[in-house]
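Colleague: Given next are the chains, with one letter for each unit.
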Amino acid sequence: MENSLSTRRNQFSVFKQPGFTIIALACFIVLYMPIVVLVVYSFNSGTSPAKWDGFSLQWYAAAWNNSAVKTATLISIIVACQASLYATILATMAAMGTTRTRPYRGQNVIYALVNQPLMVPEIVTAVALLICFAVIKELTDYRGLAYLVLSHTAFCIPFAYLPIRARLEGMDRTLELAAADLYANSWQSFRRVTLPQLWPGILAGAMLAFVISLDDVVITEFVKAPGQDTLPTYMLGQLRRAITPEINAISTALLLISAILALFVFLLGRKHGN
Amino acid sequence: MSDSVSVAIHGVSKVFGHDRNAVTALDDVSLDIREGEFFTLLGPSGCGKTTLLRLIAGFEHPTRGHIDLHGEEISHLPPYRRPVNTVFQSYALFPHMTVAENIGFGLEMQGKSKEETTSTVGEMLRLVQMEDLADRRTDQISGGQQQRVALARALAPRPRVLLLDEPLSALDYKLRKGMQIELKRLQNETGITFIFVTHDQEEALTMSDRLAVMSQGKVLQVGAPREIYAHPAVRFVADFIGDTNFLDAELLEIERDRTELKLPSGKPVSARGAARSVDGKVHIAVRPEQTTLTRDADAAHLEGHIDNVVYSGTDTHYHITLPGGESFVVRTQNRGDSGDEWQAGQTAGIVIEPGAVQILAD
Ligand SMILES: Nc1ncnc2c1ncn2[C@@H]1O[C@H](COP(=O)(O)OP(=O)(O)OP(=O)(O)O)[C@@H](O)[C@H]1O
Ligand SMILES: [Mg+2]
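As you go down the protein sequences, you meet chains A and B in turn. For the first sequence, the residue numbers in my numbering are 1 to 274. For the second sequence, the residue numbers in my numbering are 1001 to 1362.
Treat the hints with caution; some may be incorrect.
If you want the ones that stay clear, here's a sample from chain B, every Cβ over 10 Å from chain A, calculated [stated by the list, open to error]:
id: 1; residue: Leu1031
id: 2; residue: Arg1081
id: 3; residue: Thr1086
id: 4; residue: Glu1123
id: 5; residue: Arg1153
Label pairs and their computed distance ranges (CB to CB) [unchecked claim]:
id: 6; chain 1: A; residue 1: Ala112; chain 2: B; residue 2: Pro1078; range: 29 to 35 Å
id: 7; chain 1: A; residue 1: Thr99; chain 2: B; residue 2: Asp1135; range: 54 to 60 Å
id: 8; chain 1: B; residue 1: Asp1135; chain 2: A; residue 2: Asn65; range: 51 to 57 Å
id: 9; chain 1: A; residue 1: Ile123; chain 2: B; residue 2: Pro1083; range: 21 to 27 Å
id: 10; chain 1: B; residue 1: Asp1139; chain 2: A; residue 2: Val120; range: 42 to 48 Å
id: 11; chain 1: A; residue 1: Thr99; chain 2: B; residue 2: Gly1011; range: 32 to 38 Å
Among the chain A residues that face chain B by a calculated CB cut under 7 Å, a handful are [what the hints assert, rightly or not]:
id: 12; residue: Ala128
id: 13; residue: Thr174
id: 14; residue: Leu175
id: 15; residue: Leu177
id: 16; residue: Ala178
id: 17; residue: Ala180
id: 18; residue: Asp181
id: 19; residue: Leu182
id: 20; residue: Tyr183
id: 21; residue: Ala184
id: 22; residue: Asn185
If you're looking for bench data, these hints aren't it; they were derived computationally from the structure. C-beta atoms are modelled at their ideal positions from N, C-alpha and C, and glycine is treated no differently.
Using the sequences and the accompanying hints, generate a full structural model.
Modeller: Dropping the structure here:
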């Protein structure tokens, strides 16, 4: 009896530390209070984003009817779709190349290079891209969306790469040996055995990449040409003028999309025990 | 079974890692495996059995030496170009395919037509008695059934050689016995060369046409089970397979294929084969069941003190200490009329049956 009591007392429990509840609550409030306020005021009927005047959906209607918002949304979606697609394909290839080869020299360097966007400050990349693309624009006179797509693809790669690589590392390698043993060449083995099991990882990677692209401000702000505002850069532009709860409404919509995608990734991961 | 060679392994070595981390998994292994035979690689954990199979399958490449299949060198071929299939220890069934899809996979990859694939899959399902479960997912069948699917999947493309890496080790005792018989039946029916890996000596003896005993990357002896059991060439083989008594004897005389020896007791005994010895000493092995106890001092080859009598149903084991301190086990079969004739503490004579003395090379 005494023994079990003393072991219980000795067991370290973070829940039992002094101030745990207060600190945890404070963190949650700091994290989520602003978002709650944002969402609440998106339903404000007045024009102030800080003074409550009663409930209305007028700002959602206003955003819906605002053609600038529509254009920005469209560009956001076009860029995010393309960037997440390309980034996922490249990330899948990179993940295969770093998990399905014999160990080679410089493997860790490659790993670091693929994850470069996670480590280099975004503003540095943004400035570098601005300068680099300026040179190309000068030479080719091309001013389309490709610059945005390209830069979004680049910084989305690590976000797609990490879940795909994790999935590949968790897979049973003997299945691929069995495929090779049964006359499947490398491509057939990838198509018929690796890929069907890799899908959850690929989907998770693609959705992460999509959300990251949708959300980007810094690089987009530097790279975009006039008229190429995405939703976040459009909102940033609006802040310089008088702000209305329309911004809250757009933000809430963005939040909802991100949350749905995140939930999807979570459910996918849980279903496949990963 | 014919005498033509199916798989020929010529001086194959396999070293993993480099320099200080180098591990020699196989050390100059040479073997001829005959067409249509049930060949077993037997040896303790880590002796290189799996490595040898992986080299034949093509998952690894030899550091030295080469492997021929029906007279053609295959060392440079990737696994998917070798007419060799593997039954993996973990089965490695494709989890996203049904039983039938698993079995048909190899045929499909070989580019066989739909009709041919379907009919061969049906035939294989019948062969392993799994027709009812063709559309099940592979995680919805039992371990024994998964085992059969793995077998059928590897047999379906009609390989020249089937490699089996401890395929029965995950099954419980009863299922295992059943599968041993089934494997033999499949091998007889298909006529395919089976190369079977196990570390279970009993399994190796009962199933194989021939077996190779391996230790630390080397093949120590190759032969039929009877040959290996009755005439182990080296101490390791004698010790690894069955129970054995080891003794030192003195060389008296070598005739062409007979050797006369003097036992520690001073009694002479003769053994098959010619012994080689530099200092006149020879190591010999004697199986416990090829010895009996006697009270007749003239007939006895050895004499010793019984320490322990162990009754095990069919047999009785007598643990004896010889005057020189060596321990010796005598095993006799229990018959209806045999009482407890010998007790611990008694002194007994040991008779070695003719032909029971085996000269070891080391
Ligand atoms: N990829 C590898 N890298 C380094 N060493 C290896 C590798 N594969 C095998 N080895 C080593 O080679 C030796 C032989 O291994 P192998 O798997 O062939 O043994 P085994 O006879 O199949 O043993 P078990 O009965 O335990 O399966 C072992 O010492 C093992 O540690
Ligand atoms: Mg093994």
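Colleague: Indicate whether the distance between the beta carbons of B:Asp1135 and A:Asn65 respects the range 51 to 57 Å.
Modeller: Since B:Asp1135 and A:Asn65 have Cβ atoms about 54 Å apart, the given range 51 to 57 Å holds.
Colleague: Just double-check B:Arg1153 for me: nearest Cβ-Cβ distance to chain A has to come out over 10 Å.
Modeller: violated, 7 Å
Colleague: With a cut-off of 7 Å on the beta carbons, see whether A:Leu177 makes it to chain B.
Modeller: holds, 6 Å
Colleague: Would you check whether the claim that B:Thr1086 is not at the interface survives, using Cβ distances to chain A and the 10 Å cut-off?
Modeller: Since the minimum Cβ distance to chain A is about 5 Å, B:Thr1086 lies within 10 Å and the statement is violated.
Colleague: Tell me if A:Leu175 is really an interface residue toward chain B, meaning its C-beta lies closer than 7 Å to one of theirs.
Modeller: holds, 5 Å
Colleague: Between A:Thr99 and B:Asp1135, does the C-beta distance stay in 54 to 60 Å?
Modeller: violated, 33 Å
Colleague: Is the Cβ of B:Leu1031 more than 10 Å away from each Cβ in chain A?
Modeller: holds, 21 Å
Colleague: With 7 Å as the cut and Cβ atoms as the points, is A:Tyr183 at the interface with chain B?
Modeller: OK, holds: A:Tyr183 within 7 Å of chain B, min 4 Å.
Colleague: Look at the Cβ atoms of A:Ala112 and B:Pro1078 and judge whether their distance stays inside 29 to 35 Å.
Modeller: holds, 31 Å
Colleague: Let's test the interface hint: is any C-beta of chain B closer than 7 Å to that of A:Asn185?
Modeller: Interface hint status for A:Asn185: holds (5 Å vs cutoff 7 Å).
Colleague: With chain B as the partner, please determine if A:Ala128 meets the hint condition of a C-beta pair closer than 7 Å.
Modeller: For A:Ala128, the interface hint is violated, since the closest Cβ of chain B sits about 40 Å away, which is over 7 Å.
Colleague: Taking the beta carbons of A:Ile123 and B:Pro1083, is their distance inside 21 to 27 Å?
Modeller: This hint is violated: roughly 60 Å between Cβ atoms.
Violated hints, listed in ascending order, are 2, 3, 5, 7, 9, 12; each of the other numbered hints is respected by the structure.
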